[in-house]
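Enquirer: With the hints as constraints, model all of the structure from the sequences given.
The primary structure of each chain is shown beneath.
Protein chains: 2
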Amino acid sequence: MRQAGRYLPAYRAVKQRVSFLELARSPDLACEVTLQPIDEFGFDAAILFSDILITLPGMGIEVEFPETGPKIGTPVRTAAEIAALAVPDPTTAVPFVMDTIRLLKAALASRGGVPLIGFAGAPLTMMTYAVEGGGSKEYAHTKSLLFAAPEEAHALLDKLARTCGAYLVAQIEAGADCVMLFDSWGGIVSPGDFREYPLRYAKRVIEHVRAARPGVPIIYFVNGCAPYLDDYASSGADVLGVDWRVGIDEVRRRVGDGVALQGNLDPGALFAPPAEIRARVADILGRAGDRGHIFNLGHGVMKETDPEHVRAMVTAVRELSAK
Amino acid sequence: MRQAGRYLPAYRAVKQRVSFLELARSPDLACEVTLQPIDEFGFDAAILFSDILITLPGMGIEVEFPETGPKIGTPVRTAAEIAALAVPDPTTAVPFVMDTIRLLKAALASRGGVPLIGFAGAPLTMMTYAVEGGGSKEYAHTKSLLFAAPEEAHALLDKLARTCGAYLVAQIEAGADCVMLFDSWGGIVSPGDFREYPLRYAKRVIEHVRAARPGVPIIYFVNGCAPYLDDYASSGADVLGVDWRVGIDEVRRRVGDGVALQGNLDPGALFAPPAEIRARVADILGRAGDRGHIFNLGHGVMKETDPEHVRAMVTAVRELSAK
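For the record, the sequence lines run as chains A and B.
36 is the number of the first residue of the first sequence in this note's numbering; add one for each residue after it.
36 is the number of the first residue of the second sequence in this note's numbering; add one for each residue after it.
Be aware that one or more of the hints could be misleading.
When chains are identical, the list treats them as one kind, so a pair holds in a single copy or across two.
[Claimed, not checked] Only pairs whose alpha carbons sit at most 25 Å apart, straight line, appear in this in silico DSS-like list of lysine-lysine:
{"id": "1", "residue 1": "K338", "residue 2": "K172"}
{"id": "2", "residue 1": "K172", "residue 2": "K140"}
{"id": "3", "residue 1": "K50", "residue 2": "K172"}
{"id": "4", "residue 1": "K358", "residue 2": "K140"}
{"id": "5", "residue 1": "K106", "residue 2": "K338"}
{"id": "6", "residue 1": "K358", "residue 2": "K106"}
{"id": "7", "residue 1": "K140", "residue 2": "K50"}
{"id": "8", "residue 1": "K358", "residue 2": "K50"}
{"id": "9", "residue 1": "K172", "residue 2": "K106"}
{"id": "10", "residue 1": "K338", "residue 2": "K50"}
{"id": "11", "residue 1": "K106", "residue 2": "K50"}
{"id": "12", "residue 1": "K238", "residue 2": "K50"}
{"id": "13", "residue 1": "K172", "residue 2": "K358"}
{"id": "14", "residue 1": "K140", "residue 2": "K106"}
I should point out that these hints are in silico values taken from the structure, not numbers from a laboratory.
Expert: This is the structure:
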């Protein structure tokens, strides 16, 4: 997560010349920064450079990306505002994403066919930004909508799920080998509300993608998944993302053997010396065992991270998992 | 949590005249706002009005409290900065807190002897503010200190734990009937790091208070406790706080019967209509069962909350737990 990003000097060099939105909307540049970490570290898969909120403007929700985090022009909070939202055709709303994917597929083919992961924000997560107007600490507006006006909340989540489903299918049509659904804020509710809101609409997206493009692996990631382990596997995804605040062995015990896991090193652990990084990689590989495990950070690389420590992690994963 | 606060018109009326720090440092006013929710809703216990960072200036860390959240003058990040910090005597560093407690005890005696809960920020939580300089999303500076300079991190946590222990004992000497240790950001680390950092230093505080004033109930609250349930009970506290993102029945299964639980309604659920609030209260009472349960929100009351919904919650708890 955040393979491409501000921790890389090559990324910062591109970012000095253009805004985040210009970068995300320019296939040449988005392709370039997606490839930077692949060329630098030789990761086993590339993940599209984009943003989880990139489809919001096509729905009728303006969004900007200053350094302090995304900002929504007019937050969506009323039944009328929700009714006015569109479910856009991604090929016309965000054609640059599909162009980026096509460029990437060609570029990755010449790099030994490294697979490409496409992604989207999950419905509840996108809802929090649309409703709060940006990031939030307590999600008061979101929870007010969920609990005081559940019909409107469901109407909004339904539109977000349809947007998200169509968007992921379009990414697969353009060449994505796998898709990942990010529920970065799926973890802000009680277990009962997790089933009612984030999980329900993530399932709809996953079912839609599965029906439209069977066989394409789907990853579902809930940041802060520990409280929901009894329900997590029912998402229908092939792979469950695991953040760093839970033991991946506990996750395996609770979700069973029918699903692969992706995770779960604390991104902050990359501040540790390489020997300690290696010890932590070994610990996670040991806990994950020998059933379907994709080593990954539990969340995005922090901008303060030393790229040499990322390299130390990759080396440790390769050497230790070869044993 | 946040019984006294911006959701109450009476609190906002006081707050219009003074800054947060003036309020917290004025025994008369702090006593007044502590009593407001007791007189309004008849809670079973009062909790001191103050802030978890109130002892930082006595350690040598300046802190301000604008509406956007606490701001530290100069963040503490180096060995030299940590070495320069004091472990203050709370009776001279924050005498106004003990004065507030004495006023409160007299005022609560005339209200049928409602018990008073004192509190402090737990060491890891205070460390995050001291090191980041305020609130944070990723805690990069904190994790850099924890993982790149663990000796310095331990030195800082040791000073924070000693400050916190002495402060809670002073509150008990002044009249607090019970003390609560808030680890609001204890939940930002992996289970192994939870044992190594937040839990280890919370235990030290709890042991210190226990030894100095045996028999006084101690509550330990980790916000986002779900990943740490196997270790949570080893804190030594009499009561474990439970946030809303986990089933309180699961917590009971995992921590055993030797400890009471406090929680765990989503503060956002107070946006729901009173009938739904009642249903959620009933659900939590049912899950908590008949062993040591203090009904509470899983975190603080949000400022957007309708006080009548707080009243509906209290009524539901009283009526349903009487059955």
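Enquirer: What are the numbers of the hints that this structure violates, sorted from low to high?
Expert: 2, 4, 6, 8, 12, 13 and 14
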